[in-house]
Amino acid sequence: MSAPEATTRPVGGLRAWLLSDAPANVWQARAQRAYFGWLTFKSNPIAMAGLIIIATLLLIAAIAPLLTGGAGIEQNLGNRLQAPSSEHWFGTDELGRDIYDRIIWGSRVTLYIVFLVSIIVMPIGLLIGTIAGYVGGWIDTVLMRFTDIFLAFPRLILALAFVSALGPGLENAVIAIAVTTWSPYARLARAEALTVRSSEYILAAQIQGASTLRIVIFHVVPMCLSSIIVRLTLDMAGIILTAAGLGFLGLGAQPPLPEWGAMISTGRDFLLDQWWVSTIPGIAILVVSLGFNLLGDGLRDVLDPRSGASE
Amino acid sequence: MTRKKGAGPFPPLPPFARNLLRVVFTLALTFLGLMAVTFFIGRVLPTDPAMAAVGNRASEAVYQAKRLELGLDRPILIQFWLFLTSALQGDFGKSIMTSKPVIDDLKRFFPATLELATVATLFGVLFGVPMGVIAAVRQSKLTDHIVRVLGLIGYSVPIFWLGMVSLVVFYAKLDWLPGTGRLDIYYDGIVDHVTGVILIDSALAGEWEVFNNALGHIILPAAMLALYSLAYIARMTRSFMLDQLSQEYVLTARVKGLPERTVIWRHAFKNMLVQLITVIALSYVNLLEGSVLTETVFAWPGIGLYITNSLFNADMNAVIGGTIVIGACFIGINMLSDVLYRLVDPRAR
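As they're listed, the protein sequences go chains U and V.
82 is the number that this note's numbering gives to position 81 of the first sequence; each next residue is one higher, with no gaps.
488 is the number that this note's numbering gives to position 317 of the second sequence; each next residue is one higher, with no gaps.
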């Protein structure tokens, strides 16, 4: 959204503008709502912890080349399985690769998974759900039966079967995860669409002659976005864990890509004497999925206070 | 799943029969969906199933024979029909890896998964429910926050990793618990295979030494597997309990001067039991499928390990068979808990 806030901002600064009792236009009202949401969010220490973790992850991924000495895939067999030291903070693995470098570069792999799953799952769920909810009738019945079928499936097992048919690999793992996770989003979007379909602004759009597709995309979908995003944030930890699990089984990211789940798996053989090879990527996964869980919990309290865990 | 009542060309049925009919219809439809997806995975996605079965060094004649045997020359709908009917008769084809019918393998591996998931659910209930109740009673106090953070950690930890670490700590370093597998090797084969669940079989046979050994083996994998369901059960229990505690009958009970313990366990807890049972059933099916990674780490010979091993041997029949069995359990228990919920809780009708 490109809010032209600067044009209407009165003297008294941004804070006064945001806290004003009488918003002058729709942009100010929206900015105010976002600001109040931020205030609620900020007062929740658990959610802030989550936000800090995810922001740090994003930062680390963005400046990975500055933080590391290499791409994390250079082998140095003379240097294998070194314990953590001032030279190798997290030690080295069985091929002499620096684990600190691999963890840092691995954050990109994790974010890549998160991003890909989101851009596959959100549009599918939104489209099916909003069309079902807005159009109704037999289309609704058919689409929701279809969704229910996917809702009743065992996710991990199905993802396994998908990857086994498609062949191992990061992209295939992402596809398998996406195929098995879109259904709750369709349900959620449908429920939201049902509540807005009979509102007057939809009627106004209909009278102006907007097509069904236009109404769904421009008027119904935006109303469903916030609950979809909350749900996606909460599910993200599960998605990361599933991707790591597939990587651990050797079905996800393939070597030499520094994927955390696969790193745990290679360290399995050295766990007794070289604990760091497996332990450190495990901690990385734990911290990142904890971050998403904390953030999702906080976002839910802000955007959807009715179902908050801390009411 | 809400549908308009009384619509359609059929004469009105009594509510119970209508509900039953709808459940059966949904069940059949969902199962058909499962079969369609697994058929798609097993027969359509691999570029050439016949090639996958015979390998690329087979002669043209062998390849063509396999194609005919698999029915690949027939229309796809007929292929699906054959797949569906043979699966319904328990025929999933032969496993390449064990060269036995897949269904026999599944029968052998399934009890181990069932045993693991059941013990894990017991752990989850035994610890999760009290945790949730305590968190609700002491809402927004330190205990509540601790339970909440513990729950979030339970949701966030990669179980396969924690399993490995705990094996190192409790087995290799401290030697408090036995290692991987279901039994130590010298206890293997002592007890007859009756139910396939070693804890039950050994108790039936009175072999308490075997029982103890099996118990030691199951504690660690079950505890790992239980983490997720523990977090889930504790969270839901807390929210159900908060719901009940804000009701007026609780206030009445307190005003009457009943001790707090009676108010919580006799009054509030009783009223949330139905919801709780649904949650437990849901977490149980999740464990049935979630056991894949745990079984791999602990070398637990269940369906999860069977599926992953088959995967690496390109044993598609076995993968599909295992997926269908777990999927059918998943769908069945889901539906059962749904029905139970409607049956017991009048508000849900």
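Calculated from the structure, these hints are not laboratory results.
Only a predicted model underlies this, so the values are computations on that prediction, with no experimental measurement involved.
From the three backbone atoms N, C-alpha and C, an ideal C-beta is built for every residue, glycine too.
Take the hints with a grain of salt, since some may be wrong.
Derived coverage of chain V by chain U (criterion: at least 3 residues anywhere in the stretch with Cβ under 8 Å from a Cβ of chain U; other residues may be distant) [claimed, not checked]:
1) 207-213
2) 233-239
3) 318-328
4) 420-431
5) 448-454
Which hint numbers doesn't this structure obey?
-> 2, 4 and 5
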